[in-house]
Amino acid sequence: MAIGWYLAVSAIIFCIGAIGVLTRPNPLVILLCLELMLNAANLALVAFARMWGGESGQIFALIVMVVAACEVTVGLGLIVAIYRRNLAIDVDELNELHG
Amino acid sequence: MVFSAILFFIAAIGAIVGAVAVVMLRNPFYSVLALVCHLIALAALFLLLRAEFVAAAQVVVYAGAVMVLYVFVVAYVGGADEPLHRHGAALKVLGPVFGVALAVELCIAMLGTALKGISGHGAPYVPGFGTPKEIGTQFLTTYLFPFEVASLLLMVAAVGAVLLARRRRGLEGTTEGEQTTFRVARPVLTGTMHESTGIRGGGGTVSESEYESQREPVGSHTGARGSSGDGRSEGGW
Amino acid sequence: MSTTTYGWLILLFPLVGTVIVSLNYKRLPGTSAGWLATLAIALAFASAIGALFGLLGNGLGHRQLVSSLWQYDVSVGVDANLAILVDPLSIFMALAVSGVSTLIHIYSIAYLKSDRGYSRYFAYLNYFVFSMLLLVMAANFVVLIIGWAFVGAASYLLISFWYRRTTATSAGIKAFVINVLGDVGLVLGTFFIFRHTHTVDFLKTFALAPHVFSHNSTDLVAGCLLLLVGAFAKSAQVPLHTWLPDAMEGPTPVSALIHAATMVTAGVYLIARMHPLFEIATTAADVGAIIGCLTLLIAATIAIVQTDLKRVIAYSTMSQIGYMIMGVSIGAYSAGLFHLMTHAFFKALLFMGAGSIISAMGGEQSLDRMGGFRKALPFTFICFMIGGLALSGMPPFSGWLSKDDIIGYLDNRGGGFLALGIAGYVGAFLTGIYTFRMIFRAFFGPPVEEAVELEHGHLVHHDVPTNPQTGEVEDTDVGFPGPEHHIAERDWRMRLSMSLLAFAAVVGGLVQIPGVDDVIARFLEPSFASSRLYALSGSVTNDWIGLIIGALVAVAGISVAYRIYIARPGTSAALLERFRAIHTFLYNKWYFDELIDFLVVRPAQWLGRFGQSALERGLIGGAVTGGTTGAVRAASAAVRRGQTGYLRYYAAVVLIGVSGMALYFLISAS
Numbered sequence: 001m002a003i004g005w006y007l008a009v010s011a012i013i014f015c016i017g018a019i020g021v022l023t024r025p026n027p028l029v030i031l032l033c034l035e036l037m038l039n040a041a042n043l044a045l046v047a048f049a050r051m052w053g054g055e056s057g058q059i060f061a062l063i064v065m066v067v068a069a070c071e072v073t074v075g076l077g078l079i080v081a082i083y084r085r086n087l088a089i090d091v092d093e094l095n096e097l098h099g
Numbered sequence: 001m002v003f004s005a006i007l008f009f010i011a012a013i014g015a016i017v018g019a020v021a022v023v024m025l026r027n028p029f030y031s032v033l034a035l036v037c038h039l040i041a042l043a044a045l046f047l048l049l050r051a052e053f054v055a056a057a058q059v060v061v062y063a064g065a066v067m068v069l070y071v072f073v074v075a076y077v078g079g080a081d082e083p084l085h086r087h088g089a090a091l092k093v094l095g096p097v098f099g100v101a102l103a104v105e106l107c108i109a110m111l112g113t114a115l116k117g118i119s120g121h122g123a124p125y126v127p128g129f130g131t132p133k134e135i136g137t138q139f140l141t142t143y144l145f146p147f148e149v150a151s152l153l154l155m156v157a158a159v160g161a162v163l164l165a166r167r168r169r170g171l172e173g174t175t176e177g178e179q180t181t182f183r184v185a186r187p188v189l190t191g192t193m194h195e196s197t198g199i200r201g202g203g204g205t206v207s208e209s210e211y212e213s214q215r216e217p218v219g220s221h222t223g224a225r226g227s228s229g230d231g232r233s234e235g236g237w
Numbered sequence: 001m002s003t004t005t006y007g008w009l010i011l012l013f014p015l016v017g018t019v020i021v022s023l024n025y026k027r028l029p030g031t032s033a034g035w036l037a038t039l040a041i042a043l044a045f046a047s048a049i050g051a052l053f054g055l056l057g058n059g060l061g062h063r064q065l066v067s068s069l070w071q072y073d074v075s076v077g078v079d080a081n082l083a084i085l086v087d088p089l090s091i092f093m094a095l096a097v098s099g100v101s102t103l104i105h106i107y108s109i110a111y112l113k114s115d116r117g118y119s120r121y122f123a124y125l126n127y128f129v130f131s132m133l134l135l136v137m138a139a140n141f142v143v144l145i146i147g148w149a150f151v152g153a154a155s156y157l158l159i160s161f162w163y164r165r166t167t168a169t170s171a172g173i174k175a176f177v178i179n180v181l182g183d184v185g186l187v188l189g190t191f192f193i194f195r196h197t198h199t200v201d202f203l204k205t206f207a208l209a210p211h212v213f214s215h216n217s218t219d220l221v222a223g224c225l226l227l228l229v230g231a232f233a234k235s236a237q238v239p240l241h242t243w244l245p246d247a248m249e250g251p252t253p254v255s256a257l258i259h260a261a262t263m264v265t266a267g268v269y270l271i272a273r274m275h276p277l278f279e280i281a282t283t284a285a286d287v288g289a290i291i292g293c294l295t296l297l298i299a300a301t302i303a304i305v306q307t308d309l310k311r312v313i314a315y316s317t318m319s320q321i322g323y324m325i326m327g328v329s330i331g332a333y334s335a336g337l338f339h340l341m342t343h344a345f346f347k348a349l350l351f352m353g354a355g356s357i358i359s360a361m362g363g364e365q366s367l368d369r370m371g372g373f374r375k376a377l378p379f380t381f382i383c384f385m386i387g388g389l390a391l392s393g394m395p396p397f398s399g400w401l402s403k404d405d406i407i408g409y410l411d412n413r414g415g416g417f418l419a420l421g422i423a424g425y426v427g428a429f430l431t432g433i434y435t436f437r438m439i440f441r442a443f444f445g446p447p448v449e450e451a452v453e454l455e456h457g458h459l460v461h462h463d464v465p466t467n468p469q470t471g472e473v474e475d476t477d478v479g480f481p482g483p484e485h486h487i488a489e490r491d492w493r494m495r496l497s498m499s500l501l502a503f504a505a506v507v508g509g510l511v512q513i514p515g516v517d518d519v520i521a522r523f524l525e526p527s528f529a530s531s532r533l534y535a536l537s538g539s540v541t542n543d544w545i546g547l548i549i550g551a552l553v554a555v556a557g558i559s560v561a562y563r564i565y566i567a568r569p570g571t572s573a574a575l576l577e578r579f580r581a582i583h584t585f586l587y588n589k590w591y592f593d594e595l596i597d598f599l600v601v602r603p604a605q606w607l608g609r610f611g612q613s614a615l616e617r618g619l620i621g622g623a624v625t626g627g628t629t630g631a632v633r634a635a636s637a638a639v640r641r642g643q644t645g646y647l648r649y650y651a652a653v654v655l656i657g658v659s660g661m662a663l664y665f666l667i668s669a670s
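Protein chains in written order, with this note's numbering: chain C, 1 to 99; chain V, 1 to 237; chain B, 1 to 670.
Hints are computed from structural coordinates only; laboratory data are not their basis.
Accuracy of the hints is not assured; some may be wrong.
Said to hold, decoys possible - Ranges between beta-carbon positions, derived for each pair:
#1 B:Leu663 to V:Met155: 38 to 44 Å
#2 B:Ser636 to V:Leu144: 44 to 50 Å
#3 V:Ser151 to C:Gly54: 54 to 60 Å
Heads up, the beta-carbon is just placed ideally off N, CA and C, and yes, glycines get one too.
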């Protein structure tokens, strides 16, 4: 398939992820939608790697995956900590930064 | 050729459906499962692009490990299905609008004549393009530094996760006395946001009562502070 | 040493004196500050004598020497140099100033002995003498203005020397403000003249003046009138005279030095120095003469009814300066300067005597409370009499010869000036009255209790020091007069200085007896070489007729005073009753203070209040500052509303930003 199709798919998934971040109040679901966006970026990277023929795109995609894993770890740790304090798991409730 | 086209469309539709399901489903557990499907469809797309190692890593690492972690946390934390609060009312409409706008822009960008970097046909396939051997060689030669940094990042994330999720009073050997040794006098307005947004309440050096209040659960203030915080910061101007 | 080196030394010694005394003011023990300061001024006097002999050694055509130390700036077309002009006029003034200052320094060593601000006093006094010498030795307008301003500052410092007295500080401010007004006049006048001559150097200006200015040209008249404003402010002429009586708040030696001998004569010096300009702008010269005449009459009338001893002498000073201004305005340069010299002698003497009496009274200054000090203060009485006779113009004292020198010149010029001359005689008559009123009331009559105590050898000492003007209770700590009082009879230093001045007041006039010798006139001639009025003098007979008339007028005045105060006591009270309205008018100093308050002070205060309330509070506080802060606050409030804390809003903003950027790039790329 022409590379444009892959990029179109990537764009659509990215935007769906963005919409999800904006509309869902549950932080877990927000993180999931962030994953969607990251994956869309991965797809675009690999597509370009295939187009140009080098490996750098795939390496980049693997590193992105590493970063996504770390970010998920820390984010979920945060959510667990919030849950432990008996706060609502809702980004609208958690709107004041305390030191 | 045709077979790969059919496979492409199946995978693509799977991915998109999975994505939509993540966003639309109310129960977070179902969202997680939908994401797993999406990831697998994406792995199929990677395979179509001849990036075998990336596809395998996607399934093993992403769908396998990360999503399992998600499942655990969702099971622990729960999070019921809740409607959007009144705060998000505007975004319920505007969010999709901006998203669609972005999608349209990107499509115009790619499919229009603006991007000349996209040729219809890709580069000729070099054998060993996406094999683990190639990837491994690259990681250990050209991209050694990012490799090492990535491993450092993983270690930092692990330490951070442990720190975040431990119980405050759960560590053995920690007593009340040890905890209170962290009390240090701070000059005015160099401390917490708590101090600076409520100037009349905070300010001065951190005193006994101040520190005590900081150790309370943070959330109990949020409800009361929501509206009064603004009022006090205006007055203390 | 060359003459100009002596000239620089005249300036150097007082400057070094003030620097040393002021830097060590805490460390100088006892009266050493006083002796150090006196030494500085004595050395300046010696240098002036050195310069005098140097000048006399030169031929007649070479008696105006300019010496420049460095150039300030010649790039903008103003040739300002730090230069002094050593010529007969400046040496004459320097001798008078430094000579009288030395004697006053000696007097002050004793008079201020118990004052906590002793060293500060001598630092200020030396600074004053330095400024005055700078003023008279200046070779160009710039140095003159610098000296002028310094003198004003020094006078402020010395008038409000006892700075914890509110009356003293108010008086100091009043003097300074009026002096600044004069400074403005001086600077503007300089500019008007500079515009045409394009030089600030005196000799060059005077050489150019006849070519650049036509007779009574507008610019020159305006410039000279502005210079006169400066002269009148400094010399306390009407209407800028109101500061002088209030300046009596300073210590008595200060009054002797500044307000009798030196600072108030700066205006006379200015007009004498600028004589080429005034001879071209005769309108301005006439204005000067008329104001001088008015002042001498007004001041004499006020002096008749004043009750504070020092203020009587102050108004007397104002009146005598009026004579001098009148003299130098119309061309009687040597006469005016001669009177300046003799006036310095006898006026300083009178002030010193007044200091002695006031000390004997324990700080009390009112004539109403004084009386009969003749036996208790014999030395002071003799000096006071000598001073009073010289002031009234009794032969053969110096005042007689100098005052009538001026009046004689006026008569010689004739025309309208004769009227001024007659006014001068009237003034002399009044002078006799008020001078001897003062002497008779203080020294004759039944002795008051302070005098009685002093006759028995006990100097009165009030336990509670009070302000002589307002009577409010004071302290004797720093900023107030010291607890002790010093009279001449008990202190050799006061007696020394007073004796020397008394001697000068007696014989000082002998240098310019018409028909016999004219030392001063001939000495000053090179300075006035270009003047067409200088050599104008009548016959010797006319001069002697004038002198005799003057003597008779003085005798008349003294006898009137004698009649009122000695022969028929009670006459003054009766006269007061009959002429109460006139008395009130004169006692309130012709209501000048009230007039100036109405015309100048109230509008200035109104302007200040308006500025504060409308401009500052309303415009700047409200609109500019308040507006700016209001705008900033509104903007911050608007921005603050964006800090909601809701994660999704932040994400939405990011998304909007990204799409916006993508749109921009899309559009710009197509």
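Here is how each hint holds up against the structure:
1. B:Leu663 to V:Met155: 38 to 44 Å: Taking Cβ atoms as reference, leucine 663 (chain B) and methionine 155 (chain V) lie about 41 Å apart, which means the hint holds.
2. B:Ser636 to V:Leu144: 44 to 50 Å: 49 Å, holds
3. V:Ser151 to C:Gly54: 54 to 60 Å: 23 Å, violated
In this structure, the one hint that does not hold is number 3.
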